[in-house]
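Q: This is what each chain is made of:
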Amino acid sequence: MWYLAWRNTIRRRSQSTLTIIITGLTIFILVMVSLIFLMVREGLALSAERLGADLIVLPDQAEADAYQTLFTADPANIYMPESIVEELLKIDGIAQASPQFFTQTLTGGCCSYGEEIRLVGYDVTTDFILKPYFNEQNIGVLGDDQVVIGSKVEARLGNIVAILGKPFNVVGTLYPTGSGMDGTIFINIDVARKLAGDIPELQHLWKNAGSGELISSILIKSEPSVNTDQIIEHINQSGLNAQTFATSETIRNMKIQINTISAIIFSLCLASLLIAVLALVGRFNSLARERKSEIGLLRAIGIQKKQVFLLIVSEAWIMAFTGGLAGSLLACICITPVLNMLENAFVLPTGMWTLKMALQGGSIGIIAALLLGSLASIYPAWKSAGLDPQEAITQGALE
Amino acid sequence: MEICRLENVSKSYFTGEKLTPLRNVDLVVNAGDLVSVEGSSGIGKSTLLYVMGSLLKADQGRLYLNKKDVSLMTDQQLTNLRAEKIGFIFQETNLIQALTLQENLEFTRSLVKKSKDNLGEILYLLSRLGLSSHKDLLPYQLSGGQRRRAMVARALINRPALILADEPTNDLNEFWAREIVQLFLEANQQGSAVVIVTHNNQWTKEASFQYRLEGGKLAAVKPQQ
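Protein sequence lines, in the order shown, are assigned to chains H and X. Numbered according to this note's numbering, the first sequence spans residues 1 to 399. Numbered according to this note's numbering, the second sequence spans residues 1 to 225.
Hints are computed from structural coordinates only; laboratory data are not their basis. As the structure is a prediction and not an experimental result, all values here were calculated from the model. Watch out, some of these pointers could steer you wrong.
Which residues of chain X face chain H? A few of them, derived with a C-beta cut under 10 angstroms, are [as the list claims (entries may be wrong)]:
(1) Val-51
(2) Lys-57
(3) Asp-75
(4) Gln-76
(5) Ala-83
(6) Glu-84
(7) Ile-86
(8) Ala-98
(9) Glu-103
Ideal Cβ placement from N, Cα and C applies to all residues, glycine included.
Turn these sequences into a full structure, and let the hints guide you.
A: Written out as structure tokens, the structure is:
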């Protein structure tokens with residue numbers, strides 16, 4: 001019966017192709033949305049797991065954005081005096097505080113990057129965020145001409161990158177984290193400050209900043225069993241020109257936003273699935289009508305009702321499987337450019353694209369396609385199986 | 001040996017007005033019989049075959065196939081009975097469109113005999129019906145006459161006990177019409193019963209029993225002994 005179903009599918013090439021396209025497009029949308037959801041969820045989980053800081057302190061400026069700082073590698077030129085670190089360490093409950101200095105590469109020029117990349121200067125003496133990564137990969141303390149790059153940053157000219165016209169040796173590449181770290185270049189904080197100080201476009205920032213060293217953020221590790229809300233309250237009451245975010249709260253808020261958007265998108269996906277089911281029911285119904293005479297013949301020569309039912313459903317499964325496979329593959333191919341577009345448009349941690357995820361997406365697609373095919377074909381198959389053989393032969397011949 | 005028996009069978013249709021193509025019909029078909037039923041077009045000859053083949057339920061009366069009352073059989077049992085015991089040749093050419101000629105026969109054969117040693121019989125029948133060189137063609141690639149011969153091959157492939165042929169010589173020239181009647185006679189010799197309905201009595205002279213259907217009544221032209 002499978003062979004007959006296969007041959008029927010092949011013979012009605014244009015009709016089968018149309019059915020496969022409808023299924024394929026529906027599954028493409030479903031898998032794409034599912035993969036984006038899976039990857040963003042994983043990105044959030046990875047960000048939470050690997051961040052290592054309980055609080056993040058940013059300058060009290062409109063441009064300072066905790067989401068952007070945590071989840072993206074977008075360059076940000078936000079600054080506050082380094083003296084804030086000492087003030088913070090006086091507050092009870094803060095175990096560690098490590099400043100970072102943000103700047104960026106510039107586009108254009110020999111060997112430079114085609115886009116601006118976030119450059120993070122970290123403080124070797126107080127850092128507790130990067131140290132575990134560096135230790136895992138046997139990266140020691142960075143020299144003044146050394147950098148470590150995130151997994152998405154490409155090294156140029158072998159192991160050398162040119163940043164703002166100066167060559168640096170790449171001494172390590174961090175493994176993918178699914179967070180903003182992947183698109184960041186890490187450098188010694190003093191070197192970063194010096195580099196930024198030489199950028200003509202940023203001179204106005206240094207003039208407004210006043211005397212003393214500048215930093216962009218402070219990552220804080222709280223004492224165990226201390227409520228981070230109390231620390232935030234203390235920082236806010238201390239009158240420092242800084243805003244403090246609980247990373248867990250930021251991640252939680254992001255999750256809520258993503259869940260809300262996902263619910264809307266999944267509803268639209270379900271609506272498209274429903275439309276596809278209705279379209280396919282129409283297709284299988286008309287296919288069954290066209291083949292009335294043949295179905296009558298099959299019943300006359302000894303095919304049981306349940307075999308006719310299985311024949312129609314099998315044909316639907318063959319087309320649905322093919323469409324599902326094509327849609328899933330297409331979604332897996334398109335996911336990276338689509339995610340890049342989304343990353344550019346929204347603040348999104350997009351996790352890592354792995355084989356496991358491709359398999360998950362493919363499985364979702366194929367299972368959904370088979371369900372789609374089953375739902376769409378059950379009624380036409382049941383109707384065909386119940387046809388009276390004589391009526392089917394004579395009416396089918398007339399039609 | 002009795003293969004098929006109709007007892008007091010009536011069948012009516014409502015198509016605006018009431019039509020009764022079969023009215024209290026009695027008929028017995030035994031193994032080895034070649035029965036012909038003549039009658040003008042639209043008189044109900046095909047209805048008679050559909051009833052005999054258990055594809056259409058009579059409004060009244062009983063049908064026995066292999067001495068079993070079909071009204072007492074489930075749909076599944078009836079379907080199995082059709083596969084094993086009955087070979088149909090329909091008036092309209094009707095083949096499985098997605099399968100080649102040879103595959104059509106293989107498929108029909110596989111419904112009864114699962115083994116794969118059927119090829120010899122299939123090729124023999126195709127050869128007898130002049131279809132050897134067309135065995136790999138799909139039905140739409142055949143002419144009307146070739147399709148008709150293919151339906152005859154399909155009806156014979158399982159060596160059924162009862163062959164029901166509705167206008168089997170339509171679309172055929174004299175040579176192939178004669179060959180088909182010859183195949184029916186050979187089937188008779190092997191124990192199959194053949195019932196031919198036709199409006200053309202040119203090929204029914206070979207029949208052991210000839211009937212005429214008129215006004216719903218089946219009258220013997222060449223009566224049973």
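Q: With 10 angstroms as the cut and Cβ atoms as the points, is Gln-76 of chain X at the interface with chain H?
A: For Gln-76 of chain X, the interface hint holds, since the closest Cβ of chain H sits about 6 angstroms away, which is under 10 angstroms.
Q: Against chain H, run the beta carbon of Ala-83 of chain X and see if the smallest gap drops under 10 angstroms.
A: holds (2 angstroms)
Q: Against chain H, with CB atoms and a cut of 10 angstroms, does the hint on Glu-84 of chain X hold up?
A: For Glu-84 of chain X, the interface hint holds, since the closest Cβ of chain H sits about 7 angstroms away, which is under 10 angstroms.
Q: Quick check on Lys-57 of chain X please, does its C-beta sit within 10 angstroms of some C-beta on chain H?
A: With a minimum Cβ separation of about 9 angstroms from chain H (threshold 10 angstroms), the hint on Lys-57 of chain X holds.
Q: So, as I understand it, the hint says Ile-86 of chain X touches chain H; can you test that by seeing if any CB pair is closer than 10 angstroms?
A: holds (8 angstroms)
Q: Quick one, is the Val-51 of chain X hint okay against chain H at 10 angstroms, beta carbons?
A: holds (9 angstroms)
Q: With chain H as the partner, please determine if Glu-103 of chain X meets the hint condition of a C-beta pair closer than 10 angstroms.
A: It holds, given that the least Cβ distance between Glu-103 of chain X and chain H is near 8 angstroms, below 10 angstroms.
Q: Would the stated hint for Asp-75 of chain X survive a check requiring a Cβ distance to chain H of less than 10 angstroms?
A: holds (7 angstroms)
Q: Take the shortest C-beta to C-beta distance between Ala-98 of chain X and chain H; is it under 10 angstroms?
A: holds (4 angstroms)
Consistency with the previously given hints is maintained throughout, with no hint failing.
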